[in-house]
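When you get a sec, could you build the whole thing from the sequences and use the hints?
What follows is the residue order along each chain.
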Amino acid sequence: MSAKTRRIVAGVSGLAATSFLASCAKDAPQDTWQPKGTNAKIIDDLQQPVFAIAGVIGVIVFCAVVYCIIKFRDRGQAMPEQTHGKPALEIGMTILPALILAGVGVFTFRTVFDLSKTSDTQMVVNVTGQQWWWEYDYPAQPELGITAPIITSGQMVIPVGTKVLLRETSRDVIHSYWIPALNGKRDAVPGRVHTLRLDADKPGIYAGQCTEFCGLSHANMRMETIALSKEDFAAWVANQLADAKSPAENTLAKEGEAVFLNQCVRCHQVNGLKKADGTPAIAAPDENVWSGAAPNLTHLMSRNTFGGASWDLLNKKCRADVWGASSETVGKKYLAGVSEECLNQTDLRRWLRNAPAMKPMYADPTQLSSTNGKYRGMPNLGLSEDDIDKLVAYLSTLK
Amino acid sequence: MFTPGSKFFLGLTGFSLAVCVLYIALVDNATGGAVALLSIAAASGVVAGLSLFNRDGEVAVGDTAAPAGAEQLSSSMWPLIASVGFVGVVAGLITHPIVFFLGLIALLAAGTEWLVQSWSEGASSDKAYNASLRGRMLHPLEFPVLALVGLGIIILSFSRVMLAVSRDAGAIIFIVVGSAVLFVGAIFALKPSLKKTLVVGICVASAVGIAASGIAAASNGLRDDLVKAKKEHHFSHKECGEEEGEHFDHLAEGTISMRSNPIATIELRDGKLTARELGVDKVTQTITFPRSNDATIIFRNKDEREARLTAYLGTKAVQDGVVEEVLNCTQMIGIDHEQALTFKIAKPSMASEKPYTLTVPGLEGQSIEIMVP
Amino acid sequence: MAIIERPATAGGVEIAPPATPSRAQGGFKRPVSTTGWKSWLFTVDHKKLGIMYGVMAMFFFIVGGIEAVLIRLQLAAPEGKVLSASVYNQMFTMHATTMVFLFVMPMAAAFANYFIPLQIGARDVAFPRMNAFGFWCVLGGGIFINLSWFLGGAADGGWFMYAPNSGPIFSPSHGVDFWTLGLQITGIASLTGAINLIVTVLNMRAPGMSLMKMPVFTWLQLVVQFLLLFAVPVITVALFLLSFQRNFGATFFDVSAGADPLLWQHLFWIFGHPEVYILILPSFGIISEVLPVFSKKPLFGYPFVVFSGAAIGFVGWGVWAHHMFASGLGPVSVAVFSISTMAIAIPTGVKIVNWTLTLWGGKLRFTAAMHFAIGLIVLFTIGGLSGVTHSVAPSDTQQTDTYYIVAHFHYVLFGGAVFGLFSGFYYWWPKMFGKTLNEKLGKANFWLMVIGMNMTFGPMHILGLQGQPRRMYQWTEARAGEGFFNLGFWNQVASVGSIILAVGVLLFIINVVKTARSKELAPLDPWDSRTLEWMTSSPPKEHNFDVIPTVHHLDEFFHRKYQQDPVTHEYKQIATAEEILADQEAHADKHIHMPSPSYWPIVLAATLPIITTGVIYSIPVAIVGGIFLVLAMFGWALEPSTAPETDFDPPAAGESTKELAPLV
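Residue numbers (the working numbering), protein chains in the order written: chain A, -15 to 383; chain B, 340 to 712; chain C, 5 to 668.
Fair warning: there could be bad hints in the mix.
What the hints assert, rightly or not - As a list, the in silico PhoX-like pairs of lysine-lysine whose alpha-carbon atoms are at most 25 Å apart:
| id | chain 1 | residue 1 | chain 2 | residue 2 |
| --- | --- | --- | --- | --- |
| 1 | C | LYS444 | A | LYS55 |
| 2 | B | LYS686 | A | LYS229 |
| 3 | B | LYS655 | A | LYS258 |
| 4 | B | LYS621 | A | LYS101 |
| 5 | A | LYS101 | A | LYS20 |
| 6 | B | LYS693 | A | LYS258 |
| 7 | B | LYS686 | A | LYS259 |
| 8 | A | LYS70 | C | LYS367 |
| 9 | B | LYS346 | C | LYS42 |
| 10 | C | LYS594 | C | LYS545 |
| 11 | A | LYS258 | A | LYS238 |
| 12 | B | LYS693 | A | LYS259 |
| 13 | B | LYS655 | A | LYS259 |
| 14 | B | LYS683 | A | LYS358 |
| 15 | A | LYS358 | B | LYS655 |
| 16 | C | LYS367 | A | LYS55 |
| 17 | A | LYS55 | C | LYS447 |
| 18 | C | LYS444 | C | LYS523 |
| 19 | C | LYS576 | C | LYS367 |
| 20 | B | LYS686 | A | LYS358 |
| 21 | C | LYS594 | A | LYS70 |
| 22 | A | LYS300 | C | LYS447 |
| 23 | A | LYS383 | A | LYS317 |
| 24 | A | LYS20 | A | LYS147 |
| 25 | A | LYS147 | B | LYS346 |
| 26 | A | LYS258 | B | LYS686 |
Hints listed in this document are in silico derivations from the structure and should not be mistaken for laboratory results.
As structure tokens, then:
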């Protein structure tokens, strides 16, 4: 290769390398190469050397081909030696990759079993996927302060440094729970229970997405796992165990409660909500929704996303504040919930006005013959702007 | 071969059929239009057949080699069958529908055969050529129909015999008849020199024998235990108490017993019921069951006697005021066996007066509580 | 000279000919024309069928490509509005289905049908009517699947159609029914084709051609046919279970009845993994022919390439659950399949080594076909290496269902399978059509496709590793990360790349049209090739070879042209292709026995869409279709494979029997 060609090649490869290294997004929330928990680190420790080996092999093959193209081009030479092969070389080139892969295989084998260990679990959360949102049921675990079951959705809160076991299942089709910063994904299959271990090193908001195609709004089925310090977690648990308080009389929120009892309680449960006659209002989503459940809204404003975690309850400024907080301050900011000033009025109102227009769902009452008239998703309730005002006021009290 | 007139009507038949299919697919409430289009298809089909039959009414065109009009007629049974069919159709209207349908089938078969035979006899003056023509058109229809009818009679007759005799006798008959068929078939294959009349005689005799025994068995009816099972709905109910059902419990197990990833495994050992939830290491007396979601538990019997696991899943209103318990249960599970049980609980525990439980009927004081959040 | 032997009269005794009229008004005369549209509709000639397979596959390539461009347009901007969620889901399902089942498989079948008989020195395949039936089935099935676009929406459950999402409750439109039943029809075609080609290769090779003297293309296609033979029944079962659940109320995937949805996944992937080898091995075979010709050296390590192909065929059955690493199988299964997936990388890697060593020390001519072949080596290696990173199961739980997987399979399928097919086009065009495709346009075609391909699928590696899942109808700014090179940027680059790729494909179409219009004929042996199919006229006569060659060497044609001087070890040309062909024609066989055209294959194939339409809309229609199916099967069985005398119009006085027109 001439000096000029060498310089060109060097320049191009240098440019390629730097642009490749700079070509990634900063802080992509679902980056798989930024582990923030033990299991994700185990995976990362294994995948980095494998990628390196693959890269090296790729470069070798590419260079070999380029070399052949340049050195053996037709320059009028005689017909070349008709070599049929060199068995020794070929056997060698079979054994070499086999050895490399055997090495990778041994480490892979160990890692698979390491990641499947469940005997040292410290906390259990039952995760249920449903078109198109996630429900979390924390069974009673008195040693963690959870004296009665907690039901929440969208954002799953766990204490830091705790080995949490998710027991995943689904109510309809196959979904997949994936928080890249904390571990690989595991499918949630109806009729089966699958286990996935998560633990976070530091407090933070870790984003994830459903990663098994589950129908119309698969792209709008997201979730976050929030890790809080142990004290913050205890505070969160205490709040979740409390029932919702009825708003004061003669407030807009009280009127909103009436609208809620009229429309929403058919599907959505609010613990502590009482009907006009004083009996507890128990939601009956199994009669209205095909998959039998709708998100529990008792502490809606203690989370900061809604609609399958696809829209923010926080407006832009507050969201940047909470989501961009450092691990020291994120706990306090998260526990503060969604205040009146921080509420994302636009998106919440849009949802209440016409949810199917915002998130594609099977909720058109005229097209539900295959599900015997039951909805798959939230329908357009035809609420007036007045009703929406009242509802927003009521929902804001569900902290 | 297709004369212009017949081409037109065949095309019309095909076209209206195709339009009819599309119409049914694309239009709601398609009955009227579909009937109309089908009628057009049927009518033009008939006219097409007629014009094919008489070649558009033209004498053979440009045919100088041999006048096709010098038809060499051969004998045919189809006029006879057609008349039998016609009588059957009329008589069946008065007597029994079966007669009507058999007559209709005979009419259709005779009509097709008669039509094609006549038509092929007019094709040329060469008898062999005409016969091969008829064969080319009708063999693809005759062979499968005859095969179907023949096989149908044999299978139907044999099945009536199996249903009439006792279980053991049935097994013996099955083995004997099967071996006989195999044996005779092998002889036929290995000795092609056997006289044709002998082979045909054996086949006809066997077919008649099977058909006759089938008719006899059918008139006898089902054997006693099958009659009883039908009357008492043996194969469709469940017993969820202490009773030991003879039927439900001894059927091939109604659900699978080996499956992976059930939500919990319930074990009966030494008179004690315990549970293990998947992913949780400890043994418990309470399991968490998902709300409104079908889930499976496995019941494992390690005790010294047969036992059944019954799930109490709340109540449901049957009529005004009448409320019924909802129970689901496994069969009686033998020692060291297991069975899976799949069920759904729609309402949370707090909505039920009595807690949801898993119990073994007859075993006091042991239960696993099902907690539905 | 008589080309078709007419049935001889018995023994020498004078039998008066039958008195058939000159225009017998007979029923359903057998088609015998050799020119015109009837000769294509009723043909059983493997070459005509190969061309029809190719035209159909090219059409569906463009359809699938349009679907892909629409997907990329939707993903070019955040919260795109080009396609609604429902249409997007249909679009990606149909894109994959069309590309896999209606483009790559039929195109590989096109090459197999055209060239396997020529490469083994045979005159046609073993079962010519079944060959025709297979083509009409694929065409009927392909049209049937795509009818769903106009009849209520196409299938929208993803090309692997996981249950229970594909069941009647969650996919209420008829789209999935069209998909399921249409694939059953194309599956029948694959099975009959497989049986046909296996019997052909095992029984009809020219004298002297042992299995280890067979060209590599034929060898790898033979492995593919065995893979099809065992894999297609598995998906047939899966499709039956699904269609019975959807149409007749079965509960195979119904959790409340005790079913396990993973059954579908296992059945699909036991088919699906051998399927990807079915897609790639034909292209491997094509470049194993192209690289030696344009390096002027034989393929390096022929036995290793053949045995590694067979090894892939075997080991490929033991890796299916690597598509299910995140499906909850349990650590034992996951670990075992992880190891077996690493194992299968080895025979694939062996081939890369052998191809590179074929180039080494050669005399390389860079025609368009060679460009595509070398492109395959590089691009497939990239795709294969990303595949090795997936074989590490823990790492795969982060990568699966993201764009990283999309990048992997597009590199191996587009950079591998498609580039191999294009290499085959440029290499074999002169043999099939008598004209060479324009080389300059071909190279431009190549470069646009390479640049477009890398621009489209390269960034997908980054997108996937940075967390963008697949099958999302839109992406949002909120999860795209910060910085200029965020996920949004790479999505836009990929979309621009797809347009460049589309232009590249367009150049190929332009090249085809330009070549068809040009008057310049190609020489008999434009590339100085090595295998038997080049020892014929361009295009080959209907009966392929005037005399069946006797084979003494691997690369028989090369050895007839060149001889090595035992002293100087130099290669001298001893004959040209034209001389060899003239020699053949001078010693032509006297009695060449060719199968006759027939209408039963297309009639039988036509009954299948009628049955499937009936299953969806109206059972009586299905029953009628079934009756016609049985009729057609018996009609076919009762028809002799070669037409009897009476089917031919007797010659007018003074005229000799008609010669078959050559393929044009």
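We went through each hint and held it up to the structure:
With a C-alpha separation of about 23 Å, the suggested pairing of C/LYS444 with A/LYS55 holds against the 25 Å cut-off. Between B/LYS686 and A/LYS229 the CA atoms are separated by roughly 23 Å; this keeps the pair inside 25 Å, and the hint holds. With a C-alpha separation of about 24 Å, the suggested pair B/LYS655 and A/LYS258 falls inside the 25 Å cut-off, and the hint holds. Between B/LYS621 and A/LYS101 the CA atoms are separated by roughly 15 Å; this keeps the pair inside 25 Å, and the hint holds.
About 19 Å separates the Cα atoms of A/LYS101 and A/LYS20, which keeps this hinted pair within 25 Å; it holds. Of the pairs offered as hints, the one joining B/LYS693 and A/LYS258 holds, with about 22 Å between alpha carbons and a cut-off of 25 Å not exceeded. Distance restraint check for B/LYS686 and A/LYS259: the Cα-Cα separation of roughly 18 Å lies within the 25 Å cut-off, and the hinted pair is therefore satisfied. About 19 Å separates the Cα atoms of A/LYS70 and C/LYS367, which keeps this hinted pair within 25 Å; it holds.
The suggested pairing of B/LYS346 with C/LYS42 holds, with an alpha-carbon distance near 18 Å, which does not exceed 25 Å. A distance of roughly 15 Å separates the Cα atoms of C/LYS594 and C/LYS545; the hinted pair therefore holds under the 25 Å criterion. For the suggested pair A/LYS258 and A/LYS238, the alpha carbons sit about 12 Å apart, so the restraint of at most 25 Å is met. Distance check on the hinted pair: B/LYS693 and A/LYS259 sit about 23 Å apart at the alpha-carbon level, within 25 Å; holds.
Our distance criterion of 25 Å between C-alpha atoms is met by B/LYS655 and A/LYS259, whose separation comes to about 23 Å. Distance check on the hinted pair: B/LYS683 and A/LYS358 sit about 17 Å apart at the alpha-carbon level, within 25 Å; holds. With a C-alpha separation of about 20 Å, the suggested pairing of A/LYS358 with B/LYS655 holds against the 25 Å cut-off. Using a Cα cut-off of 25 Å, the hinted pair C/LYS367 and A/LYS55 holds, with the two alpha carbons roughly 9 Å apart.
With a C-alpha separation of about 21 Å, the suggested pairing of A/LYS55 with C/LYS447 holds against the 25 Å cut-off. Taking the CA atoms of C/LYS444 and C/LYS523, the gap is near 17 Å; set against the 25 Å cutoff, the hint holds. Proposed proximity of C/LYS576 and C/LYS367 is supported: the alpha carbons are some 16 Å apart, at most 25 Å. About 17 Å separates the Cα atoms of B/LYS686 and A/LYS358, which keeps this hinted pair within 25 Å; it holds.
Distance check on the hinted pair: C/LYS594 and A/LYS70 sit about 45 Å apart at the alpha-carbon level, beyond 25 Å; violated. In summary, the hint linking A/LYS300 to C/LYS447 is not supported, as the alpha carbons are separated by about 51 Å, beyond the 25 Å threshold. Between A/LYS383 and A/LYS317 the CA atoms are separated by roughly 14 Å; this keeps the pair inside 25 Å, and the hint holds. A C-alpha spacing of about 13 Å is found between A/LYS20 and A/LYS147, which places the hinted pair at or below 25 Å, so the restraint holds.
For the hint pairing A/LYS147 with B/LYS346, the CA-to-CA distance comes to about 79 Å; that exceeds 25 Å, so the pair is violated. Between the alpha carbons of A/LYS258 and B/LYS686 the distance comes to roughly 18 Å, so the proposed pair stays at or under 25 Å and holds.
Consistency note: the structure conflicts with the earlier hints numbered 21, 22, 25.
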